[in-house]
Amino acid sequence: MRHQHYTRYLRLGMLAGLLTFAACAEEPTPAPTAGLLTDYAAGVDASFGVETFNLGDPSITVTSPKNYAQWVIAKGGTQGIKFEFSTANWTPGKVNCYLDGKLDGASTGTSYTFSKVPMGFHTVSCVLFDSSYNEITSASARGVRRVSVTPPCQISDDCDDGLACSNEFCIGGTCKFEPITNCCGSKFDCVAGEACNNPNTSNSQCTVCQTDKDCDDSNICTTGKCDLSGPKGVCNFPKLDPECCMKDDKECDDGKTCTIDTCDVNKQKCEHTKPAGVCCTDSECVTDDKCLVGACVAYSCRFEPNTFRKDCCSAGTNTACDDKNYCTIDKCDAPQTEGWTKCSHNKDPSKPNCCSPQDSCDDGDDCTWDYCQDFQCKNVALKNCCKNTKDCDDGSLCTTDSCVKTNPLDQAGKCLATKVPGCCEEQEDCEDGKFCTYDVCDVDKNLCSHPKKWAACCDADSECSDGKFCTNDVCVNHACVGIPDKFKPNCCESTSDCNDGLPCTIDSCDTDLSQCKYVDNGDPTCCNGPDDCDDKDCTTIDFCDANNKCAFKIAPDKCKNDSQCDDGNACTLDTCVSDGTCGKCTFTPQPGCCLADFQCQDDNPCTINTCGTDNKCAATKKAGCCLDDKDALTACDDGNAC
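Residue numbers 1 to 642, in my numbering, belong to the letters of the sequence shown in order.
Please keep in mind that the hints were generated in silico from the structure rather than gathered at the bench. Model, not experiment: these values are computed from the prediction. Even glycine gets a Cβ: it sits at the ideal position worked out from N, Cα and C. Be careful, since some hints might not be right.
To be verified - Pair ranges (Cβ atoms, derived):
{"no.": "1", "residue 1": "220", "residue 2": "297", "range": "49 to 59 Å"}
{"no.": "2", "residue 1": "272", "residue 2": "133", "range": "54 to 64 Å"}
{"no.": "3", "residue 1": "208", "residue 2": "476", "range": "43 to 53 Å"}
{"no.": "4", "residue 1": "405", "residue 2": "476", "range": "46 to 56 Å"}
{"no.": "5", "residue 1": "362", "residue 2": "447", "range": "43 to 53 Å"}
{"no.": "6", "residue 1": "421", "residue 2": "182", "range": "52 to 62 Å"}
{"no.": "7", "residue 1": "459", "residue 2": "164", "range": "23 to 33 Å"}
{"no.": "8", "residue 1": "132", "residue 2": "460", "range": "53 to 63 Å"}
{"no.": "9", "residue 1": "467", "residue 2": "506", "range": "19 to 29 Å"}
{"no.": "10", "residue 1": "101", "residue 2": "214", "range": "53 to 63 Å"}
{"no.": "11", "residue 1": "459", "residue 2": "495", "range": "44 to 54 Å"}
{"no.": "12", "residue 1": "630", "residue 2": "557", "range": "47 to 57 Å"}
All chains, full assembly: derive it from the sequences and hints.
This is the structure:
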């Protein structure tokens, strides 16, 4: 900004303004811009339905699908997505279409079908090409939509689409996707003209540059720097020498209103000239009068009463003590110890209609606060006070303004601004605090809309109803779930709801009463479990077999009499010992009893040991066998003395 003291500058400025006005008057009125705001519109040219572009620019307008459209597919399946559009200012020719930044195919008509789109959150786009088959890079020549293809799921890991720029959730058994801000999978997630660094990674970013060489502004006074440190890559043009300039005086603005800033184009240096009598700062404006303080105003020093010394006055240069109060006598007659003189303002008894502090000063207006100050009545308007609705107009299209009076007889009331439901003037007016909705303000119509992110999404239990009598419907993790109503036991909607787990009953639902009924199937041999098979006999083991029939087998060691305890062993005494209800078999070995020859061995090599049919052991001496010489006298005697 430059200080202009000369008529020459003024005349040149007026002439330039008139020429500018005349030139502007010849320009056509610009076309209206988009009025639709969305939660995710920032940075992405996603809303084409109402956008207009400069006359003559080739343009594409997407008519289908809607932005953030969703399709539900079977697990492992794919979805065909038809991309429909119209064009303007363009000779029909080649249109290339991309899925997540990769060429999917081309169209020569007004639609293209992405035939096999897998599960996930995808960016689909189509771009116009010129007659030389070069891609047209303007924003108007490309149409972009973000879409979701959602399969069923059990956990969130089932929803991993392999794309770094989406968050995945498993909600209500279906995959849901949301975009990650400041993340790009390709240039189509960025503003036209920007590239995508590190596409489809967690550190991706949209950028207008890759290196400093991309940031040349053809200005010798600046150094182009490509800054990739933020969420988006941008070009910065810092001045190495703040006094360097090329040709425009505006480059030399030093921020001081007191200097004339010009550019010496020969030296490529700025010059800052301060005219005589011009000040830049308050510190340049000083005076010896203790009751005055200097300030630099509009490039000139001005001296006014020192406001830090209340009612300060001095002879000659600052005698005025007029407080503009009709009711006071103003004099410079109160000397202070610091060497300055103070004004006095006493009530003038000769003036009519002046007040004292104890006077009410009531002006009859209920919307003012009335009091006496400095001998004059003050009537200060009360905030938010009103006498009629006109007093309450807050200038907002989205409020109904009214003047509310507690008592109809009151003269004044309080302004009340009631928000008009669904009305908006900016995006923030439409925030409904719900996870399941996109909050959109159509600023042209001043109307909010809240399209659901997906049809089955819920934020509260009240949004859930499965139409079933037997369930309580609740919203869990933004999905509706019908849980059995604990206050309606045995409740049913159909026979499939009734199962008592018993094979011997017929299960059915009385739909008139919404109650399950369980009736015996009439088979007397059917059993549900071992308790149904008790034969009251302690000597048997009772059980229900795999065919739901009772079966019985002998219980080991259980008896009612000795005959039930025969173990088939001739050498045991088998008896039934009863406790009064059921007996237990005991098997007592009998001494001297045998079942086989080996049980009869007497360790005598001269005997043959056998077990007889009477289960008794017998020992037969072997002929000619002796154990020692003594035994030999008899056992070995052959009757021959020689």
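We went through each hint and held it up to the structure:
no.: 1; hint: 220 to 297: 49 to 59 Å; result: 38 Å, violated
no.: 2; hint: 272 to 133: 54 to 64 Å; result: 55 Å, holds
no.: 3; hint: 208 to 476: 43 to 53 Å; result: 45 Å, holds
no.: 4; hint: 405 to 476: 46 to 56 Å; result: 48 Å, holds
no.: 5; hint: 362 to 447: 43 to 53 Å; result: 47 Å, holds
no.: 6; hint: 421 to 182: 52 to 62 Å; result: 34 Å, violated
no.: 7; hint: 459 to 164: 23 to 33 Å; result: 28 Å, holds
no.: 8; hint: 132 to 460: 53 to 63 Å; result: 57 Å, holds
no.: 9; hint: 467 to 506: 19 to 29 Å; result: 28 Å, holds
no.: 10; hint: 101 to 214: 53 to 63 Å; result: 20 Å, violated
no.: 11; hint: 459 to 495: 44 to 54 Å; result: 35 Å, violated
no.: 12; hint: 630 to 557: 47 to 57 Å; result: 54 Å, holds
When each numbered hint is compared with the structure, violations occur for hints 1, 6, 10 and 11.
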